[in-house]
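Please assemble the complex out of the two chains, which come individually in their own frames, going by the hints.
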Amino acid sequence: MPTIVFPMDKISKEQRRERRLQAEAALSEGEFNFHLLADSIPQLAWMAQPDGWIFWYNQRWYDYTGTTIEEMEGWGWRKVHHPDHIDRVVARIQRSWETGEPWEDTFPLKSRDGNWRWFLSRALPVQSDKGKVVRWFGTNTDITELRDAEERQKLLLDELNHRVKNTLASVQSLARHSARHADSTDAFLEKFEPRLLFLSRTHGLLARDTWQGANLMDVISETLAPFVADEVDCIQLAGPKIRLGPTAAVTLGMAFHELATNASKYGALSAPEGRVRVVWSLDLGGGERPALEIEWRESEGPRIAPTTYRGFGSRFIEQGVRRELNGVASLKLAETGATCRIRLPLSGKVMIG
Amino acid sequence: MSVHLRSPAMPLRLLVVEDEALVAMLIEDQLLELGFEVVGPAATVGQALTLCKKEQIDGALLDVNLGGDERSYPVADELDALGIPYVFVTGYGQAGIPERHAGKAVLRKPFALSELKRFVDRHFPCSGSPSIG
Numbered sequence: 001m002p003t004i005v006f007p008m009d010k011i012s013k014e015q016r017r018e019r020r021l022q023a024e025a026a027l028s029e030g031e032f033n034f035h036l037l038a039d040s041i042p043q044l045a046w047m048a049q050p051d052g053w054i055f056w057y058n059q060r061w062y063d064y065t066g067t068t069i070e071e072m073e074g075w076g077w078r079k080v081h082h083p084d085h086i087d088r089v090v091a092r093i094q095r096s097w098e099t100g101e102p103w104e105d106t107f108p109l110k111s112r113d114g115n116w117r118w119f120l121s122r123a124l125p126v127q128s129d130k131g132k133v134v135r136w137f138g139t140n141t142d143i144t145e146l147r148d149a150e151e152r153q154k155l156l157l158d159e160l161n162h163r164v165k166n167t168l169a170s171v172q173s174l175a176r177h178s179a180r181h182a183d184s185t186d187a188f189l190e191k192f193e194p195r196l197l198f199l200s201r202t203h204g205l206l207a208r209d210t211w212q213g214a215n216l217m218d219v220i221s222e223t224l225a226p227f228v229a230d231e232v233d234c235i236q237l238a239g240p241k242i243r244l245g246p247t248a249a250v251t252l253g254m255a256f257h258e259l260a261t262n263a264s265k266y267g268a269l270s271a272p273e274g275r276v277r278v279v280w281s282l283d284l285g286g287g288e289r290p291a292l293e294i295e296w297r298e299s300e301g302p303r304i305a306p307t308t309y310r311g312f313g314s315r316f317i318e319q320g321v322r323r324e325l326n327g328v329a330s331l332k333l334a335e336t337g338a339t340c341r342i343r344l345p346l347s348g349k350v351m352i353g
Numbered sequence: 001m002s003v004h005l006r007s008p009a010m011p012l013r014l015l016v017v018e019d020e021a022l023v024a025m026l027i028e029d030q031l032l033e034l035g036f037e038v039v040g041p042a043a044t045v046g047q048a049l050t051l052c053k054k055e056q057i058d059g060a061l062l063d064v065n066l067g068g069d070e071r072s073y074p075v076a077d078e079l080d081a082l083g084i085p086y087v088f089v090t091g092y093g094q095a096g097i098p099e100r101h102a103g104k105a106v107l108r109k110p111f112a113l114s115e116l117k118r119f120v121d122r123h124f125p126c127s128g129s130p131s132i133g
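Protein sequences appear in the order of chains A and B. Quick note on numbering: our numbering labels position 168 of the first sequence as 168, and the sequence is numbered without any gaps. Quick note on numbering: our numbering labels position 103 of the second sequence as 103, and the sequence is numbered without any gaps.
So here's chain B without its partners, still in its complex pose (with noise of 0.2 Å):
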């Protein structure tokens, strides 16, 4: 295991998985609005956990449906297990989460800049503190 000064100059580098094209475009162009680094946006959970092992991420946005059946829970459930914060986003809201991500925090599509600005300061760390990848 490494472990990963951040510097304060550097950006948080945010993973984001959304499958609709026009969506994910939103999400990223509005990151990096922020002055955050993207990765991705990945559309599948297979590009997202190809992601997970390749990138340094900081923190995960998760599309919770992915198209057809597919969900983003096992993303989830990677991060979980590399420690790295995530939240949900969607059109949803709680009551599609599964019990075992239950008590993470959701943003509900659509949403304006600040409000997306709000979100990821509360719930990823701030650039200044270490993480641990």
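Chain A with its partners taken away, still in its complex shape (with noise of 0.2 Å):
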């Protein structure tokens, strides 16, 4: 680092007593009030001389840096500050210490107990009749909590830039997906546009919580909604709390949005008297990895021929579950319905609780 070498460094503890004496004499008229009010601000206050040299701070500044004035005075104030901004915060107010332009800067100061604080700066020269500089007045302005919130705010927005660009490539999944088998628009809409607005939906459950996740339960039952809205008994669901992460969250719902989906049209949502069941119950046991169960069965539907269905739903619930959620899931279709079952071991993103 380089060192910026002031004139003033060298001086006696005689010339040091008496400048600062020259100074005080120069603020006796109403230094009581004064005192009060420089003591009394938020800020850290100080004054210095035209050519820099800090003479006073007021009790705040010293409160906070647990310094003495022998120690401060002049170039003194250098000791708090960080080494990484100390030179360009050096530069800057010498700038302004001969220009006599006001000086603004922000940086970190020390405390007392060694932890570090950011603080705005600023210094306005005082002038005389004839416009020359007699005196400099500064605060510091302790701003942390507005960086940390400013810095929160900034993550938030590249994590909402992330999510958005992710899920336009989701709805661009989807529309490819649908495609595929679509022999008309009407077709390909019939089943693009329900996968739309279970995304929709999912994240206005995201939404919720700040995108930090959602509950198993409520994935779930807003997933279904859908399909339920005469007849709010054919689904039942059960299970302890569970917590998703938010990507999690999309799958695992796309997945029952799939299964959904096939029951109304040929399972047991298609019948009045269909029943679905999903229950979830979590295995901790035995030294394996605790996991996460979850069945879906279908009951009391319409007959239907055991075959295994190979659409874009069988393939997403299969894959997902094993890549994105490194589980296991089995998909059978039976004369009374189909039965899924996903085994996910627990992890950041299918939590208890």
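Treat the hints as calculated values from the structure; they're not laboratory data. Don't take every hint at face value.
Just the calculated beta-carbon pair ranges, DEER-fashion [to be verified]:
| hint | chain 1 | residue 1 | chain 2 | residue 2 | range |
| --- | --- | --- | --- | --- | --- |
| 1 | B | ARG100 | A | PRO83 | 18 to 26 Å |
| 2 | B | ARG100 | A | ALA238 | 26 to 34 Å |
| 3 | A | GLU101 | B | ARG100 | 37 to 45 Å |
No experiment lies behind these values; they were computed from the predicted model shown. A virtual CB, placed ideally from N, CA and C, is assigned to each residue, including glycine.
Take a look at the structure:
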């Protein structure tokens, strides 16, 4: 780090005392009121002679830095500055001392307990009738909380931007998959729209908790809501509280959306007496990695020919669960309706609570 | 070290790292449509590193943000060590990439099939050239 040599660094103790006395003499009038004001303001404050020699700090400065006037006067303030910032700070303030232009800068200052906080610092020249700078008056305002809030906001914006782009890519994915076996635009829309609306509802759910995640129960009920408008009793949900990360909520929700779509076309949700039961439980035992087990079981639906249906839905359920959530999913179509079993290891995306 | 000579007829094998299932399926299908082979998609750094060890890979497309705090940079480091070319795929653009990978190409999500094709052709060795693995 280059050292900037100040002519005042080398002066004697006597000269220092003299400069302080000179300055204090000039302050005598109204001094009591002045100190009352200066020590009551929330900022750190200081005064300097025209060449930048600081001869006075308010009490808050000493309280914050844990220093004394002997350490601080003149250019002693450099010792509470951060080594990464000091050169810039010195260069800029020196320019103001020389030109008489108001000074403004933002930098960290070390507190008495060794922590760094950020300050917005300003100094204005006090001028004589003839326009000559006779003194500088400066303040340091603590903006640490403001900076932290700005930082959080920036992170949130980045995250939001990432989410928007990924969501658009998800919509693109849904569009392409919906178009694959559709032989008309109507057939495409019939597949695409419900998927898009599912994505929108799940995002609504996630937005409620600022994209931190969502509850499994909420994800399933939100996903199934459009399929049970008239008959609320046809679906039963039961299981412990499970929290899902944002992408896991979309992936699992999508799996249930595809199961429900199929059930409403051919399975239990296509007949008034049909039932769907979704139950989940935790498997914490046996030295293995703790896991969540979910079962989707349809019953009382119309008899259907047992096949394995291999559309986007079944592929998504199997691959999404395996790849993204490191789990396994098995889907069976029996005469009585579909059964889907999903086993997911607990992780940062699938949590208890 | 073995030298793997690729015949012009063999499609490139591209590792895809992407945590969101819907997006992973999209990229996988697009690459298949363009005639590439897909390794993965892997959703985590762990899965991707395992595939790097086990599979013959000619190039990789790495989603940057793998959910939570997980980033794909350790996979990029491993690919650098193996001398395998890769590109980042992200919604962020160049801004989110740390300095040590700053020179790498970034494909911004979402993208059209033609864009993906141009990108892959430009950044991965053409299928006629030998690759060392």
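Of the hints stated earlier, which fail here? As far as the earlier hints go, only 2 is violated by this structure.
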